[in-house]
Structure formats: structure tokens, C-alpha cells
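With these hints in hand, go ahead and build the complete structure from the sequences.
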Amino acid sequence: MQNTNTPTTNHQPSFKKNEEPSVPTTRTPFEKLTAIHPNRRITLETGPTPISMRLMDLFVPLGFGQRALVVAPPQAGKTTILRQIAAAILKNHPDASLFLCLVDERPEEVTEWRMEVKGPNVKLYASSFDQESARHGRIVEQALVDAKRLAEQGKDVIIILDSLTRLARAHNLNSDLWERPRGQRGNYGGGRTLSGGIDARALEVGRRVFGAARALEEGGSLTIIASCLVETGSRLDEVVYEEFKGTGNLEIRLSRELADRRIFPAIDVAASSTRQEERLLTPPELRTMAILRRKLADLPRREITEQVILLFEKTSSNAQLIEAITKQA
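Residue numbering for the sequence shown is 6 to 334, as defined by the working numbering.
Don't take every hint at face value.
Heads up, simulated EDC-like pairs for lysine to aspartate or glutamate below, C-alpha to C-alpha not over 20 Å straight-line [stated by the list, open to error]:
no., residue 1, residue 2
1, LYS128, ASP109
2, LYS300, ASP265
3, LYS153, GLU137
4, LYS319, GLU290
5, LYS160, GLU222
6, LYS160, GLU36
7, LYS250, ASP273
8, LYS153, GLU236
9, LYS250, ASP265
10, LYS153, GLU222
11, LYS123, ASP135
12, LYS153, ASP204
13, LYS319, GLU308
14, LYS250, GLU308
15, LYS160, GLU137
16, LYS37, GLU157
Restraint ranges, calculated between C-beta atoms of paired labels, are given here [unchecked claim]:
no., residue 1, residue 2, range
17, ARG212, ARG143, 14 to 22 Å
18, LYS332, GLU137, 22 to 30 Å
19, VAL150, ARG306, 38 to 46 Å
20, LYS96, ASN44, 15 to 23 Å
21, GLY52, LYS123, 29 to 37 Å
22, LYS96, ARG119, 17 to 25 Å
23, LYS332, ALA139, 57 to 65 Å
24, GLY52, LYS128, 23 to 31 Å
25, LYS128, GLU311, 31 to 39 Å
26, ARG111, LYS332, 25 to 33 Å
No lab work stands behind these hints: they were computed from the structure. Note that the coordinates shown come from a computational prediction; the quantities given were computed from them, not determined experimentally. For glycine and all other residues, C-beta sits at the position ideal for the given N, C-alpha and C.
What follows is the structure in C-alpha cells.
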């Protein structure tokens, strides 16, 4: 009789010579990692233009782990600034993960973002204004969860969020959008109503999102560049801005007055700044900025940006500008 039994083979794990088997590692949760001040710079200058990125590199330096707020009145160039930041990050820091989070946006703007900002490490989370408001909150939650997992692995993640104001509006309409924080009982929505008719819990959601940005001592970072709308005529929007204006460590203020005069970039240089910029700027840059700010301090506020733009237009790089100002001093 033919033996139909199949011989058994002992399959042993195969290792290359002198190779140690991998040891499973435990990942530390994002919330338990150590937050530190941003000390690694995100370079935005990509050439003679756009001037807005050169201006930011010196006057409002951006670092990995920054909590940046772009304060913008209507039609002041907010979307252009955000797209230029995204393009600069793609060019100068291609290894960083870039998440584009567009909340309650116009459909054509979503399409334009998708077409203009492309790359292997770019991910788009978008909801247009014709979709249900519950979706606006869900895409932000998903983007934040994905970003935290990458940061836990020691990677640099940058979220561009447009905007915190529209996120607060969406959550104000759907107070149960987000999961209830651990340890809290009862319905998460239905908090105290503040001035402007906004639920206090709607602002809490924004704080959870914006407050997640940090540089990590163990490695990696989560940077959030979020826009906030002002001068819209809505009391709710003003309440949202007042809530967040002191929570960031970088603020870029756009000026409607400059935009109306067709002065772009419409960045209010006097009102824009980075906390602890000395951690990001080089000593020559710090000296140059001290000289510039002293010279500009006596000018009317609306003329400061005009003079700064003229300085940048006369040189092809920030290095040339620093050299020229140092020689004059």
C-alpha cells in the first residue's frame, strides 16, 4: 500500500548570519511623551519669492512642534499664505508628513488644494460646506489621531488646519461630534452657553486639537498651523479668537487695511511674533532683527509692512539682507 502520509517538516525562523531576532517594543502614548519648546527650525524661504515666506523666516520663525495661529480677516490673503507655507514645507522638508485639514470649505478650494499641494507624504482631510456638519468634526478627529500615531514613532507631522473658527461652529451645531473625554460621565454636549451663542464645549474641542501641537523630547513633533477668522461681524467668531489668542506660541496677524490697499503679503509685522524666537534664529539673524525692529518702531503701523517688503525686494535672499543690514549698522 502506498504511504499517503505527508512528511512533516519543522519550520524554524530563518535569520541572517550574526543577526539578532527583533525584540517587540512598547510605544509610549502621545500624551505621556515630554513636551519641550520648539528648537528645530522649519525653513520657509525657497528663493527670492514669495516674499511672505522670507518675511516669516526672519520676523516670525516657525519651528517643528509650533502651535501657530494665523489670524485673518476676510479677503486678507489667508489661503494664499497657507498654500505658500505648504509649498515651502514640501520643498525644504520633504520627509515631514503634511496633513491638510480643510473644514467647511468651498468645494473649488478643496479641489485647488488637492491639485496644487501634492506629494508622497501629503494627506488631505477635507469637508466642503455642502456636506453635513458632523463630517467637519470627524475629519479633524481622524487627522489628529493619525498625526499622533506618527509622532509617537519619532516622526515630524505638520497639520495645516483651516480653520479653528469653522471647527468651533461645526461642533456648536453638533455637541456630540467628539467622543466623551475619558472619565467624564453623561452627555458630552450641552455645556454652558457663552457670549455669541457658542457652547463652552465647542471651544473645548478646539483646545484639544490646537493644544496637541508640541515638540517631543523623545523625538518627533506635531506642528499645527491653524487659521482663525476675525472681523467677520460675528460675535461667535470673536469669542473663538479670544479663546485661542493666548494659547499659541506663534501668531501671524493679517491686516484687512493692507489688503484693501493691495499691499501683499498683508502681514501686520508689528503684531506678528514667535515666542522664544531665539531658539530658532541664528545669532546674526537675532542681531539683524533687533536692528530692524528698533528702526521700524517709530513708523506708523501700516507703514511698517510696506518698508519691510521694500527691504526684501532689494535682495534676492535673506542672507544678503542680513549682510546688508549688518554692514549699515
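Hints versus structure:
no., hint, result
1, LYS128 to ASP109, "holds (17 Å)"
2, LYS300 to ASP265, "violated (25 Å)"
3, LYS153 to GLU137, "violated (26 Å)"
4, LYS319 to GLU290, "holds (18 Å)"
5, LYS160 to GLU222, "holds (12 Å)"
6, LYS160 to GLU36, "holds (15 Å)"
7, LYS250 to ASP273, "holds (15 Å)"
8, LYS153 to GLU236, "violated (33 Å)"
9, LYS250 to ASP265, "violated (24 Å)"
10, LYS153 to GLU222, "holds (15 Å)"
11, LYS123 to ASP135, "violated (24 Å)"
12, LYS153 to ASP204, "violated (27 Å)"
13, LYS319 to GLU308, "holds (17 Å)"
14, LYS250 to GLU308, "violated (24 Å)"
15, LYS160 to GLU137, "violated (33 Å)"
16, LYS37 to GLU157, "holds (10 Å)"
17, ARG212 to ARG143: 14 to 22 Å, "holds (18 Å)"
18, LYS332 to GLU137: 22 to 30 Å, "violated (59 Å)"
19, VAL150 to ARG306: 38 to 46 Å, "holds (41 Å)"
20, LYS96 to ASN44: 15 to 23 Å, "holds (22 Å)"
21, GLY52 to LYS123: 29 to 37 Å, "violated (20 Å)"
22, LYS96 to ARG119: 17 to 25 Å, "holds (18 Å)"
23, LYS332 to ALA139: 57 to 65 Å, "holds (59 Å)"
24, GLY52 to LYS128: 23 to 31 Å, "holds (26 Å)"
25, LYS128 to GLU311: 31 to 39 Å, "holds (38 Å)"
26, ARG111 to LYS332: 25 to 33 Å, "violated (47 Å)"
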